[in-house]
Amino acid sequence: MNELLNKELETIFKDISVSDSGDKQVAVIAKHEQVHAVLRFLKDKGFDHLALLSAVDWIKDKEFELVYILTRYMQGDEEYTDQESLHLIVKTRISRQSPQLETVTGIFPNAEPYEREIHELFGISFEGHPRLTPLFLEREYKIPPFRKDFDTRKYVEEIFGNIPSVENNK
Amino acid sequence: MDRNQIRKWLKAPAKMANKYSLHAIYFCTGCGIIEVPPVITSRWDAERFGIIPVATPRQANLFLITGYVSVKTLRAIIRTYEQMPEPKYTVGFGSCPINGGMYWDSYNTIKHLDKYIPIDGWIAGCMPRPEAIFIAVTHLWTLIDKDMANSYIRYRENYEFYRRNQELALGRLEWPPLYPIYSNSEEIKYE
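Heads up: the sequence lines are chains L and X, in that order.
The first sequence runs 1 to 170 under my numbering.
The second sequence runs 1 to 191 under my numbering.
It should be emphasised that the hints constitute simulated quantities derived from the structure, not laboratory data.
A few of these clues could be false.
As the list claims (entries may be wrong) - Label-pair restraints from in silico Cβ distances:
#, chain 1, residue 1, chain 2, residue 2, range
1, L, D77, X, H139, 49 to 57 Å
2, L, P130, X, E82, 33 to 41 Å
3, L, E140, X, R7, 53 to 61 Å
4, L, D15, X, G125, 38 to 46 Å
5, L, R131, X, R172, 32 to 40 Å
6, X, Q5, L, I143, 54 to 62 Å
Note that the Cβ used here is the ideal one computed from N, Cα and C, for glycine as well.
The whole structure should be built from the sequences, with the hints applied where relevant.
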């Protein structure tokens with residue numbers, strides 16, 4: 001099954017690399033123009049559960065990497081079959097200068113909070129997202145705090161270190 | 001009842017009753033709350049010491065802050081603390097409320113909780129054992145006996161400074177001040 005899927009993926013999409021690590025995880029590295037087509041194709045193949053969407057900051061390559069992890073829902077009551085326990089990891093990279101990507105909420109509706117989180121913590125904007133409003137953070141940050149160039153210690157000293165203790169204030 | 005304490009009971013009955021019926025609101029932040037279920041249930045049975053958990057802050061007079069405090073949690077902690085009736089006692093549990101603990105360089109964790117609300121005592125450790133809660137409580141009893149557990153009085157007296165620190169950390173607060181503020185400083189302005 002895996003090899004069939006790999007071959008099918010490689011024939012349909014050209015600039016794609018599929019690598020099977022052997023422990024029921026298949027990594028698919030796609031370009032950001034075609035990642036939506038890949039995800040839609042995989043959803044039609046039965047990978048209908050977006051388990052995770054996360055981002056990685058590759059600051060030396062000046063790129064962000066988005067990671068989509070797809071699985072199947074369990075069909076029977078008993079145990080996971082080999083097909084159901086297969087994880088597909090779709091990776092794509094976008095430039096750090098203009099971090100933009102089209103939203104995948106049209107394909108997987110549960111991507112909405114993931115994309116809000118990534119928008120807030122990495123500053124990647126998703127076009128066509130229904131509401132890119134703040135999710136977790138209370139404060140305003142000049143640099144989104146999960147980027148590698150965000151200096152947490154300096155920020156902590158500036159913000160929390162400057163709050164005086166009440167005894168000194170009196 | 002201990003015979004030696006009869007004089008104390010006759011002298012200040014309200015204080016003694018208050019001391020032996022600490023109704024605790026456990027603020028479930030962070031990992032410290034893991035230690036609290038064995039404390040209140042039969043393994044360590046906190047009711048031997050007169051401590052019972054209550055549902056709402058308006059019934060409580062002991063505030064136990066267990067674990068790290070994020071910026072969003074601080075808002076809830078202040079609101080909870082201000083709703084509690086006096087006399088009220090606060091105890092910081094674990095090293096995170098003291099100085100941030102292992103999250104001392106996190107962008108979103110409050111480092112020193114005593115800058116925002118007054119604290120009667122700390123239980124250091126990461127994590128403290130459940131016995132440490134009882135050591136803290138017996139210590140709190142001696143403080144109450146000597147009228148040294150006066151955090152709520154300090155809060156009333158220095159409310160201006162506490163409120164200013166709260167605004168520095170949280171930005172504008174959406175609730176009115178608990179006590180009147182007689183200050184002309186430019187930083188704090190209320191409608």
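Structure-based check of each hint:
no. : hint                             : in the structure
1   : D77(L) with H139(X): 49 to 57 Å  : 55 Å, holds
2   : P130(L) with E82(X): 33 to 41 Å  : 37 Å, holds
3   : E140(L) with R7(X): 53 to 61 Å   : 59 Å, holds
4   : D15(L) with G125(X): 38 to 46 Å  : 55 Å, violated
5   : R131(L) with R172(X): 32 to 40 Å : 23 Å, violated
6   : Q5(X) with I143(L): 54 to 62 Å   : 60 Å, holds
Going down the numbered hints, you'll see the structure goes against 4, 5, while the others check out.
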